[in-house]
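Q: Could you build the full structure based on these sequences and the hints that come with them?
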Amino acid sequence: MRSDWNDIPDEEFRATFRTWVDQNCPAHLRYMRKQRPLFNEVAEWYHALAAKGWLAPTWPRQYGGMGLSAAKHMIYVEEWGRLGCPRIPDHGIGLVGPLLIEYGSEEQKAHYLPRILSGEHVWCQGYSEPNAGSDLASLKTSAVLDGDVFVVNGQKIWTTLAHCANWIFVLVRTERDSKVRQKGISVLLLDLTSPGVRVRPIENLRWEADFCEVFFDNVRVPLKNLVGKVNEGWTVAKSVLGHERIFLGAPTRPEYALERLRRLAEARGAFDDPAFLSRFARLRLDLYDLGSAFERYAKVLRAGGELGADVSALKIFTTELYQRITEEMLTVAGEEARLSDDLVAGDIEIDAMNLFLDSRAPAIFGGSNEIQRNILAKAVLHLPG
Amino acid sequence: MRSDWNDIPDEEFRATFRTWVDQNCPAHLRYMRKQRPLFNEVAEWYHALAAKGWLAPTWPRQYGGMGLSAAKHMIYVEEWGRLGCPRIPDHGIGLVGPLLIEYGSEEQKAHYLPRILSGEHVWCQGYSEPNAGSDLASLKTSAVLDGDVFVVNGQKIWTTLAHCANWIFVLVRTERDSKVRQKGISVLLLDLTSPGVRVRPIENLRWEADFCEVFFDNVRVPLKNLVGKVNEGWTVAKSVLGHERIFLGAPTRPEYALERLRRLAEARGAFDDPAFLSRFARLRLDLYDLGSAFERYAKVLRAGGELGADVSALKIFTTELYQRITEEMLTVAGEEARLSDDLVAGDIEIDAMNLFLDSRAPAIFGGSNEIQRNILAKAVLHLPG
Amino acid sequence: MPKLMLDDPDGTLVMLRDSVNGFAARFPGPKALRDRRGRGGAMDPQIWSAMAEAGWIGLLLPEDCGGAGLGLREQAVLSEALGRALIAEPTGTASVFAATLLGGASSGAERSRLAAGMASGEIVAVPAWTSGAKPIVARAVNGSIALSGETRFVEAARSATDFLVVAQDADGVTLLSVAADAAAVAISERAGVDGAAIATVSFSNCAVPTERVLSRANRSEDLLRKAILHTRLALAAELTGVASKALELAIAYTSDRVQFGKPIGSFQAIQHRLVDMWIEGEFAAAAVVNAVDALQSDDEDAAQLAVLAAKARAGEAAFSICRRAVHLHGAMGYTDECDIGLYLKRAINLNATLGQPEQLRLEFVERESGLSRGRTYG
Amino acid sequence: MPKLMLDDPDGTLVMLRDSVNGFAARFPGPKALRDRRGRGGAMDPQIWSAMAEAGWIGLLLPEDCGGAGLGLREQAVLSEALGRALIAEPTGTASVFAATLLGGASSGAERSRLAAGMASGEIVAVPAWTSGAKPIVARAVNGSIALSGETRFVEAARSATDFLVVAQDADGVTLLSVAADAAAVAISERAGVDGAAIATVSFSNCAVPTERVLSRANRSEDLLRKAILHTRLALAAELTGVASKALELAIAYTSDRVQFGKPIGSFQAIQHRLVDMWIEGEFAAAAVVNAVDALQSDDEDAAQLAVLAAKARAGEAAFSICRRAVHLHGAMGYTDECDIGLYLKRAINLNATLGQPEQLRLEFVERESGLSRGRTYG
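Same order as they appear, the protein sequences are chains P, U, A and L.
Position 259 of the first sequence, counting from 1, maps to 259 under this note's numbering, and the rest follow consecutively.
Position 219 of the second sequence, counting from 1, maps to 219 under this note's numbering, and the rest follow consecutively.
Position 29 of the third sequence, counting from 1, maps to 29 under this note's numbering, and the rest follow consecutively.
Position 257 of the fourth sequence, counting from 1, maps to 257 under this note's numbering, and the rest follow consecutively.
Computed cross-link-like contacts, PhoX-like style, restricted to lysine-lysine with a CA-CA straight-line distance of at most 25 Å:
(1) L/K262 <-> U/K238
(2) U/K183 <-> L/K262
(3) A/K262 <-> P/K183
(4) A/K3 <-> U/K378
These are calculated hints, taken from the structure and not from any lab test.
A: Take a look at the structure:
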């Protein structure tokens, strides 16, 4: 058995990882326009990672993961991004795995974890509902116990990639009358091929469907698919994001967009206009300083610390910077800003409109920036209620 | 007796007014650095206007005013501004006069109005208190009736030009226990030379004192100095601003500041920098469009209509534009932005720091921009409570 | 909501607004816009004929060639109402630009044919001209005129029956019409953000009979300048309508959407943002009214400045209001099913047509300071 | 509150911060700043000596000339703490800039005299050099050196005992010291926004003994570049401290101030604004830490970029946070009696010193893209 990854010096780990990934991630999958490819579109890469044992960076090695520390995991994510590897449907790896490892029964771990690694189970996450978005605790999808089976009724929405998943881990209300709304919620593992499940993809502004509505009509879920204790799912649900919250604030998207802006501006001669240069300089420095701010939190993780609520600063800044960069692309595009087709810039094509529209999403998802500011006001600045 | 001003065509009125003012407003008082000169500093101009009968533009002619319509009054104010005439201490003309004309007794009108015109009485306005600013109705200065005399105790603050005034019209609480906080408030006319009054000027960021604290320690005010009914002063107090609310949104200050910015930029060669030109163009167009927006409300007045709450849009825009222009001045000033002294620009001096600091005030006074936005959200957009 | 405040002594403007509302009930803008994508961006002939029937196409055509003899006030109000209703046909170019060119063209059979056809909806006359680009060259060859060159960003090219071509000949600028199905005309389309196709139209030594000349040098230059001026005004008005409706949708959504037991529109941060959006919308409307007023004076310089300001302000306001309105719709705003995204896309198209705000602002200050009196167009 | 997050294995940085807090209790910054205005902008010798006594003046001087041998990490933390406490003495120039020049100067009696005097507080050595201006000219005359020219924006000129003059001679850049009371030195002062006088110092054929030469061509150029680099870092750190304290004051005021029965800091629009201010402050602190780290590597290009970014970010953040903090203090913020205005004025001074954000950002992208490798200073 190979040695512990965490004992290898950072730069050696980085080089090892980078070399193998560069050699093994198929070229046609690099720098995909799609932010969220379907499972089938990236299956070969998924299986290659699994075969190498590098699919689950943070799972303990006993479950087939790499057991990386937060610091090593950051390197893993950074190199992945730099090499333009596609995002794989990662709810199983990133959410269900950690959830089961912390709260699942031994049977659940033994059954589900290998099937995530093999790609037999493709997972999605059933949290939001039409009237429970920012205010998740007001969710209404119900699960009523009938013998040793939960009967689930209700609807989820914004369920990313549900149309290529066959399993969903779903937050349901199992107790209707509790005074504290966070009580009475449970987490179930639900087979999407069960009778009574209907999935409807929702087209987004970019004319792609990467999220769905999922309807449950008397869907029967065995009691053994309950994770943790009944009515105490809120804690389970909220726990799945640990140090990974830092990645919501990673500079990846604005970095990519700024490079596209630079190329477009070069092709259009915009750098000859000092007024553009002045606006570009502001964006460039925002990105540079975002790197410094990201490093400030990464240091905490490297030192073995935990992140506080203050890490939300990164999420707000990076998502709004991404928007400002793509808005500038439309200014540089001039009359061509009217096109949804990509813009020709020398020998490459720049997906200006695709990026502009894509940049609308991150300021909403993962907790809207307004919610993040509310949290910071209370948890960090301790402002009065 | 001369004919009704309102029967004269607008352009003829404008020309008549402009010619006389240009000939009679002393040159050394034009374009003063001080926004709020003291009475003595501008007394000669005050008396000249009074002698001509042009001191009180909106008072009815029977009280010695010009009886101007809102439309004619706008011309009066515009020309006054264009000729760089100084602001005179105008609480008597603009506030006390209209207040007495609407709510005062015949005796009060006969006694006070002529003394305003003669300059014998110089007025200030006692509304705000240390804990009653935006939330004016929470005022605490008390007046207790003792026979036919009110005994006044408490403190006012931000009382503009109290140190050159000899009278104050003051909002006091005459009833402590009413449930509606707006009830139980009265308006008194108070002689500042009375025993128990103390006035303390407050220096502002520009090292000038244009407002004061006023302390009342058992000050005795005759009952006959009550305006309107006791405990019903809130309506009186709120009524004094009618169509004049439009002037809070007048482009005067940003107009002046932009011209100074233009001169400074010319002297510093900033127009050779297209990045500056681009920022300047935005400010210039903001000012131009402010003119169009102002005209939209002025048309309502000219047509004899009344202004709604929506006129606050002008106040917000003009005060924030004023700030952005003066901030740009500091950018153009470069290392010289460190100076509080005026900047030499060719053969003139530009008071960049003076304007920058002055521009901090209008976004606060006259109802902070936050309060204006609250009002607009409710009264114009009808957003839920 | 922000709205063009114009005197309406005889009620014409109210009637225009009412008729657009009635039209929108029959042909809902968002549906038509979605349908257009399914057709690859081509116009819906039924909608365009209905608009012609309503008297909206070529509204600016003078009475001497069958027009309604209505003016820019009416056009501004019409465009604003179309913007609000998201009736996203190419009104700015195939009606306002075309009618201004034809209205000032020399009298003659071709002008009459085109004007009558436009007004009846049988002819779709699409201007072929690109701001700042290499002009189309016209040469006299064997008693006809040969055109060579290309124009970019042509709307509704595939639906055109005739192109109104602004070309350069030895004497200056000439204006002529070209049958859209002429052999030497090639159309290459790209997808526009709001579903309309945007084309490059090329003329390869395309022979045009001299009867199709509509106006010659000097006069054509004035005409072109005037057409740009009128079209920018119409675009500004349409943008104001788009902005106003997007704001209305955002207010309705946030007043309705409950989270944490309260409508999100009751949260102060949302309220203040909506107020700022409203102020921008009000300023856009005021700027357009100012431009309408200025165009009715004799001072062309003043009119140019006012129109530049109006298009810049309305474009910026519409883009910014729609962006924020999308955000205020939360996840719903990021879906194609929700109308608000269509307003954003329409705003982007109109804002990018005939000059984005930055460019227009710079032109304004240059014009005002007399720095570059030499430039005529764009 | 935003704060420089630096490793502090031996507790030096905590001690530094504590000692500044203790100092500020004895010499409260706002009071000293107000007093200075009454003195027409001159330094308070008592405060400067106390700072020297604390070991803060010439902190960067190497041990070989009596310095503490501390580095840029310590200087950054000191400057940040001074900024927070509003101890508005000319630390950036008369300590950091001067110490960097002296630290790299040639060994010799003059260097030792100045370094020892700086550290003891008896000598106030003020750099006389203006970015981008016509340099002071040095000519050899009768065995001494004659200086002619003027430098602008010199802080604490009237309090200086010696000027450290960067002059141009036939070989390049030379560095020498001039007695401040020399006959041919003229000082003309103007009022600075934070009460410190800002002077133009002129040299009219001023004779300086050759013993006062501290460093000659080539080396002086490097020294000057390094002095600018260090001073910009120190200014950025000081600005971060100013910003952090201004934010703290704004939070305290809005948490305290009750209107409509609630602290105004409970209103969501105010909360979100404070959060945005806090984010700016955090980014400023992170940018300064990044610059400190970069300066400890061997990559000078990387260090230059990091310092440009830090000064730009911290300057912009401090100016913007202080402006908004003044506004959040309402009418009180507009008075001279309230400390918050002093923070704003201090931020304006520091932000305008050695490059405003716009200039620094442009320099960053030019440097990064290699567009103008020729420029050396400023």
